[in-house]
Every structure is written in C-alpha cells, then in structure tokens.
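Novice: Required output: the full structure, derived from the provided sequences and hints.
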Amino acid sequence: MSVDVNFEKCMHCGACAGTCPTNVIFLNDLTPEVGEGCTRCGLCLKVCPVRALSLRGD
Amino acid sequence: MKHEEEHYDLLVVGAGPMGSTTARYAAKNGLKKILVIEKRQEIGSPVRCAEGVTLAFFDELEIEESDDFIRKKVKGAKLYSPAGNELTIGKDMAGDEVGAVLERDVFDKEMAMLAAEEGVEFMLRTQAKGLIKEGDKIVGVKANRMGEEFEIRASLIVGADGFESQIGRWGGIYDVLKTKNIMTCFQYRLSNIDFDSEYTHFYLGSSAPGGYVWIFPKGEDKANVGLGIQLSQLDGSKTAKEYLDDFIDKHEGLKKGQAVDMVAGGVSVEHPPDSVCTNGLMLVGDAARIVDPITGGGIANGMKQAKIAGEIAAEAVQKGDTSKEFLSRYEKRWRERLEDKLWRNYMAKEKAVQLDDEQYDKIIDALRDVELEKLSTEAILKGVAEKYPELVESFEDML
Ligand SMILES: Cc1cc2nc3c(=O)[nH]c(=O)nc-3n(C[C@H](O)[C@H](O)[C@H](O)COP(=O)(O)OP(=O)(O)OC[C@H]3O[C@@H](n4cnc5c(N)ncnc54)[C@H](O)[C@@H]3O)c2cc1C
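In the order they appear, the protein sequences are chains B and E. One rule links them: number in the numbering used here = place in the first sequence (from 1) + 736. One rule links them: number in the numbering used here = place in the second sequence (from 1) + 424.
Read the hints as simulated data drawn from the structure, not as lab findings. Being a predicted model, the structure only gives us computed values, none of them experimental. Where hints are given, some of them may not hold.
Unchecked claim - Subject to a maximum C-alpha distance of 25 Å in a straight line, what follows is the list of computed SDA-like cross-link-like pairs (lysine to any residue):
hint, chain 1, residue 1, chain 2, residue 2
1, E, Lys728, E, Arg495
2, E, Lys553, B, Asp765
3, B, Lys745, E, Ser656
4, E, Lys602, B, Val786
5, E, Lys602, B, Gly773
6, E, Lys604, B, Glu744
7, E, Lys533, B, Asp765
8, E, Lys566, E, Thr603
9, E, Lys602, B, Pro757
10, E, Lys679, B, Arg787
11, E, Lys765, E, Phe626
12, E, Lys553, B, Asn759
13, E, Lys502, E, Ser800
Specialist: Written out as structure tokens, the structure is:
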C-alpha cells in the first residue's frame with residue numbers, strides 16, 4: 737500500500753519528502769521515491785502544490 | 425578520485441547557501457580537508473525561492489554586493505488587506521529588513537565559489553543515502569555518486585540539506601513537522617506585468633490561508649509572484665497552485681503576464697527545535713528549521729547561523745571533540761543570536777493564522793493611521809490597539 741507519483745505533474749520540489757510523517761518519501765536525486773512503511777495518511781497528497789501524488793488503489 | 429579512502433575534517437551534505445557558507449567559515453578558521461557533497465548537477469538550480477532578502481548580513485558574512493546576483497533593490501514593502509487597504513513600509517520603518525531580490529541560482533554558486541577559494545572541495549551529483557554510526561556517534565555518510573556507492577568518513581558531519589532534510593531525521597535529531605508548521609508554496613516568475621516594481625508586495629488573508637501572496641520585483645515589468653499556504657488550512661480540494669492561479673486571475677496587471685519559470689516547494693515555519701546537534705553531527709539552515717515563522721524567509725537567519733556553525737566546526741575538529749556536548753557551543757551561540765526573535769515570530773504566527781479577512785482589513789486600516797517607528801510584532805500590536813483594542817485582546821500576552 738503506497739503512493740503513486742505522476743511524473744508528468746511532479747515539480748521535484750521535495751515538499752512531500754519534508755512533510756512525510758513516517759519519513760518514507762525520499763528525493764532520489766530530484767525524483768520522489770516512496771519506500772516501505774507508508775501509512776496512507778495522505779499528507780503528501782495535500783502538501784503537493786500540483787497534485788502529483790495519489791494513494792495507490794484509490 | 426578514490427574518496428572512500430579519504431578521511432575528511434568536515435563533510436557537509438548540501439551545497440545550498442548554508443552548506444557552502446558553513447564550509448567557507450570552517451576553512452577560514454583553519455580546517456584543511458573539507459568536502460561538500462551536492463546531489464544536484466548544478467548548484468542553485470532549480471531555484472526554490474522567492475528570492476527576497478535583506479542585505480544587512482552581507483558585511484558580516486563578508487559578501488560583496490554584486491549585480492550578478494542582486495537583481496533589484498527595493499524602497500520598501502506594501503501590505504494589502506483582503507478589502508484592499510494598503511500599508512507602505514519604508515526603509516526608515518523596516519530598518520534593515522527591506523532589501524533586495526536576488527538571482528538565487530547565481531547567488532548559490534557564488535557562495536560555493538567563495539568557499540572553493542578557501543580550499544573547500546565540492547562533489548556534485550553525489551547524494552547522501554544514509555548515515556554511518558559507530559556506537560552513539562555519527563562518523564560518515566553512505567553516498568552515491570553517479571551510480572557509484574561509497575562511504576565518506578569525517579570527524580564532523582554537517583546536514584545542510586534543506587527542507588527535505590533526511591540527515592536531521594536519520595540522526596534522530598527532531599520529530600516530524602506538524603501540519604500547522606509546514607507551508608506549501610507555488611510561484612511563477614511572470615514577465616510583462618503591471619505593478620509598482622519599487623516595492624515588494626504582500627497580500628494577506630484568505631487568498632493564501634495561513635500565509636500570504638508575494639510579488640517580488642525582478643525588474644520593471646517582471647516579478648516572482650507566488651504564495652505559501654499553511655498545510656493545516658488545506659482540505660485537499662484545492663492545491664497551492666490553484667490558489668495562486670485564482671489570485672492571478674483576479675488581478676488584471678498580473679493576468680496578462682507570461683510565466684517564464686515555475687517554482688514549487690515546502691517551507692517549515694516551526695519554532696526553533698530543542699536541539700540541532702548530536703554526536704558528530706550538526707544541522708544548519710533549513711535543515712535546522714530556522715526559517716522565520718512569519719515571513720517564511722530562511723536566507724538571512726541561515727547565513728548568520730552558518731557562519732557560527734563553521735567557526736564551531738573548526739574549533740571542535742581542531743580540539744578533537746565533536747561530541748554533542750562540545751557542539752552545545754554552537755547551539756548556545758546561534759540561539760543567542762536568533763532564538764528570541766524566532767520564538768516571538770512563531771507565537772505571532774500562531775495568532776495571525778486565526779485572523780479572518782475582516783480582522784486583516786481592520787489591522788491594516790489601523791496601522792495606516794499610526795506612525796510605526798519600527799516594524800516589530802510589539803509595535804504592530806500597539807498600533808492596532810489604539811483603534812481596535814478588542815482585536816489585540818487575545819494577543820495581550822505578547823506585549
Ligand atoms: C517557494 C519558496 C519561497 C521562498 N522564498 C524565500 C524568500 O523570499 N526569502 C528567503 O530568505 N527565503 C525564502 N525561502 C526559503 C529559502 O529558500 C531557504 O531558507 C534556503 O534555500 C535555505 O538554504 P539551505 O542552504 O539551508 O538549503 P537549500 O537551499 O534547500 O539547499 C539544500 C541543498 O541540499 C541538497 N541536498 C538535499 N539532500 C541531499 C542529500 N541527501 N545529499 C546531497 N545533497 C542533498 C539539495 O539538493 C540542495 O541543493 C523560500 C522557500 C520556498 C520553497
């Protein structure tokens with residue numbers, strides 16, 4: 737259960753990485769990578785200035 | 425270049441202005457082997473900043489003003505309430521807070537070059553992937569440089585890795601940010617717009633809940649036009665970009681503009697953390713969460729902190745003691761310099777976010793009538809109290 741990143745929208749800004757309360761989003765180079773342990777809290781979806789993230793399975 | 429075999433005096437993660445400046449002052453104070461790693465291929469780019477800054481710290485930081493990175497100086501700032509009440513803050517009132525708009529990508533490179541002149545080594549496209557611990561001490565980082573994995577060890581590590589800081593979290597230095605302490609931001613650099621380019625402009629109230637809309641001039645008809653919104657004020661139905669698009673749509677002078685740049689980003693508007701150090705590791709700049717909670721500005725605070733960080737880093741390594749205890753000298757000095765104002769502005773932010781549009785209208789209206797001597801939270805509250813005492817009742821503990 738995790739988060740999908742739409743790279744056509746992503747601005748590579750790192751707002752999601754700095755916000756993630758379980759620290760599972762990492763900007764690899766400039767690209768967000770979502771690791772194990774996501775709790776589907778949805779904060780990264782909200783903080784993303786361009787709606788590039790979505791919860792997988794929603 | 426077999427860096428895995430080298431041991432550094434100081435390893436700095438992140439070549440933003442604070443990383444470069446910490447390294448520069450560590451070198452100026454005698455450290456010889458200093459490495460800065462930066463995961464980007466170009467320092468300073470892409471820009472994640474509105475570029476508004478006071479120039480008051482330039483002398484102290486031994487930076488010469490240059491047209492290469494100072495895009496425009498301004499005469500002051502204009503604040504607008506939702507109903508359009510306007511307050512102009514000139515140089516005499518704002519003191520050294522009124523300043524200039526930078527070219528951050530050029531500025532960041534300049535800060536790196538100043539460090540390089542002092543003998544600091546830079547490694548680009550090199551990302552910290554994790555910390556190496558021995559016992560209770562951080563002794564190095566696991567790095568990846570263009571696909572090559574290796575370890576870099578150093579007597580002291582500095583995390584200058586910005587808002588997204590992993591170093592601070594991996595080092596167990598602080599907790600996650602609360603949503604009320606996170607700003608989500610979006611900005612266009614608009615060209616061909618109509619506005620008063622002698623001032624920076626701030627629009628308060630519901631066009632940017634918990635934050636503000638800024639217009640920072642980059643030239644006569646161009647500006648950084650952006651906003652920051654407190655994450656706790658968003659319900660998910662509207663993004664920061666959509667708030668900004670709505671604002672621009674309502675302003676004819678901006679609507680006709682063309683964007684030549686888009687910027688997104690997060691900013692922490694947290695009170696100063698309890699600690700920014702652990703054994704073998706210290707944090708600086710955005711990674712240390714010392715952005716001003718009211719303005720969202722991080723450059724001036726960060727630069728002052730970075731100078732102190734570099735000086736103490738040199739002392740610690742030279743004395744062979746990089747324990748958390750020794751690094752408390754860093755904590756002590758930056759806190760003496762910055763902490764009071766950060767706390768005051770944090771408390772003011774906590775109150776300001778509760779204000780509605782009508783209250784902002786009244787505040788700006790009241791301040792137009794009084795002669796503000798200085799732009800401080802206290803002066804503002806006193807000014808408002810003269811006309812609308814009921815408005816400042818809840819703020820009284822701050823006076
Ligand atoms: C939209 C927006 C507008 C802003 N406007 C203003 C303003 O007008 N005025 C102002 O004073 N401040 C402003 N700020 C804040 C300001 O940009 C920051 O305070 C400033 O950039 C902090 O500098 P820094 O060196 O601490 O971190 P950064 O400038 O963020 O630098 C961190 C560096 O570390 C690198 N890095 C991160 N992780 C790693 C890793 N694992 N390995 C290697 N390298 C890594 C990054 O690539 C980056 O280059 C704004 C911020 C945003 C987002």
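Novice: Now tell me if each hint is right for this structure.
Specialist: Hint check results:
1. E:Lys728 with E:Arg495: Within the cut-off at roughly 22 Å; holds.
2. E:Lys553 with B:Asp765: 10 Å, holds
3. B:Lys745 with E:Ser656: 23 Å, holds
4. E:Lys602 with B:Val786: 21 Å, holds
5. E:Lys602 with B:Gly773: Distance ~19 Å between Lys602 (chain E) and Gly773 (chain B) Cα, so the pair holds.
6. E:Lys604 with B:Glu744: Violated: Lys604 (chain E) and Glu744 (chain B) sit about 29 Å apart, past 25 Å.
7. E:Lys533 with B:Asp765: Measuring from Cα to Cα gives roughly 19 Å; hence the hint holds.
8. E:Lys566 with E:Thr603: 30 Å, violated
9. E:Lys602 with B:Pro757: Between Lys602 (chain E) and Pro757 (chain B) the Cα gap is close to 9 Å, so the pair holds against 25 Å.
10. E:Lys679 with B:Arg787: 23 Å, holds
11. E:Lys765 with E:Phe626: 21 Å, holds
12. E:Lys553 with B:Asn759: Measuring from Cα to Cα gives roughly 13 Å; hence the hint holds.
13. E:Lys502 with E:Ser800: 15 Å, holds
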